[in-house]
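For the numbering used here, add 72 to where a residue sits in the sequence shown, where the first one is 1.
Derived from the structure by calculation, the hints contain no laboratory data. Backbone N, C-alpha and C fix where the C-beta goes; we use that ideal spot for every residue, glycine too. Keep in mind that the hints are not guaranteed to be accurate.
Here are the computed distance ranges between Cβ atoms for each label pair [what the hints assert, rightly or not]:
{"id": "1", "residue 1": "Arg75", "residue 2": "Glu151", "range": "14 to 24 Å"}
{"id": "2", "residue 1": "Ser97", "residue 2": "Gly178", "range": "29 to 39 Å"}
{"id": "3", "residue 1": "Lys100", "residue 2": "Asp177", "range": "26 to 36 Å"}
{"id": "4", "residue 1": "Arg87", "residue 2": "Lys173", "range": "15 to 25 Å"}
{"id": "5", "residue 1": "Arg87", "residue 2": "Glu142", "range": "16 to 26 Å"}
{"id": "6", "residue 1": "Gly162", "residue 2": "Ser97", "range": "18 to 28 Å"}
{"id": "7", "residue 1": "Ser97", "residue 2": "Asp140", "range": "30 to 40 Å"}
{"id": "8", "residue 1": "Gly178", "residue 2": "Gly105", "range": "32 to 42 Å"}
{"id": "9", "residue 1": "Gly89", "residue 2": "Gly178", "range": "25 to 35 Å"}
{"id": "10", "residue 1": "Ser117", "residue 2": "Lys150", "range": "14 to 24 Å"}
{"id": "11", "residue 1": "Gly105", "residue 2": "Asp177", "range": "24 to 34 Å"}
{"id": "12", "residue 1": "Gly162", "residue 2": "Lys100", "range": "13 to 23 Å"}
{"id": "13", "residue 1": "Gly162", "residue 2": "Asn119", "range": "27 to 37 Å"}
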Amino acid sequence: MKRDKVLSLVGLAARAGKVVSGEFSTEKAVKSGKACLVLAAGDASENTKKSFRDMCAYYQVPLYFISDRENLGRAVGKEFRAGLAVQDPGLAQAVVRELEKSRADGT
Numbered sequence: 073m074k075r076d077k078v079l080s081l082v083g084l085a086a087r088a089g090k091v092v093s094g095e096f097s098t099e100k101a102v103k104s105g106k107a108c109l110v111l112a113a114g115d116a117s118e119n120t121k122k123s124f125r126d127m128c129a130y131y132q133v134p135l136y137f138i139s140d141r142e143n144l145g146r147a148v149g150k151e152f153r154a155g156l157a158v159q160d161p162g163l164a165q166a167v168v169r170e171l172e173k174s175r176a177d178g179t
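Given these sequences and hints, build the entire structure.
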C-alpha cells in the first residue's frame, strides 16, 4: 500500500530532524514559514481539521489528510499525533509525489 511508503518517508524526515509534530508545533512551523508541507490525521477532530485547513490556506502551505492519529504518531516515533509539518523542501516534495501517485492509483 502506498500510504506505508508515505509514512516511511515521514519517518525518514523525522529521523533527519526535519519534522515537527503536534498541533502547537505544526502551527508554529507554518506561521514562521518553516513548514513545507503539513500532514494531518484523517481521524482528527473537525475543529482541528478546520484549523489546519484555514491556516494552510492562509500561509499557502500544502495540506494533506492521511492515515490516522496513531499511524501518524508512530511514523515519527511518538504517541498519537493529529498533525505534523515537514520542514525540508526535498523531503516534502518526495512525500507529495507519493501522495499524488497513490491518489492517481486510487489507493
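For each hint, the structure was consulted:
no. : hint                         : in the structure
1   : Arg75 to Glu151: 14 to 24 Å  : holds (19 Å)
2   : Ser97 to Gly178: 29 to 39 Å  : holds (33 Å)
3   : Lys100 to Asp177: 26 to 36 Å : holds (34 Å)
4   : Arg87 to Lys173: 15 to 25 Å  : holds (23 Å)
5   : Arg87 to Glu142: 16 to 26 Å  : holds (19 Å)
6   : Gly162 to Ser97: 18 to 28 Å  : holds (21 Å)
7   : Ser97 to Asp140: 30 to 40 Å  : violated (19 Å)
8   : Gly178 to Gly105: 32 to 42 Å : holds (34 Å)
9   : Gly89 to Gly178: 25 to 35 Å  : holds (34 Å)
10  : Ser117 to Lys150: 14 to 24 Å : holds (18 Å)
11  : Gly105 to Asp177: 24 to 34 Å : holds (33 Å)
12  : Gly162 to Lys100: 13 to 23 Å : holds (22 Å)
13  : Gly162 to Asn119: 27 to 37 Å : holds (32 Å)
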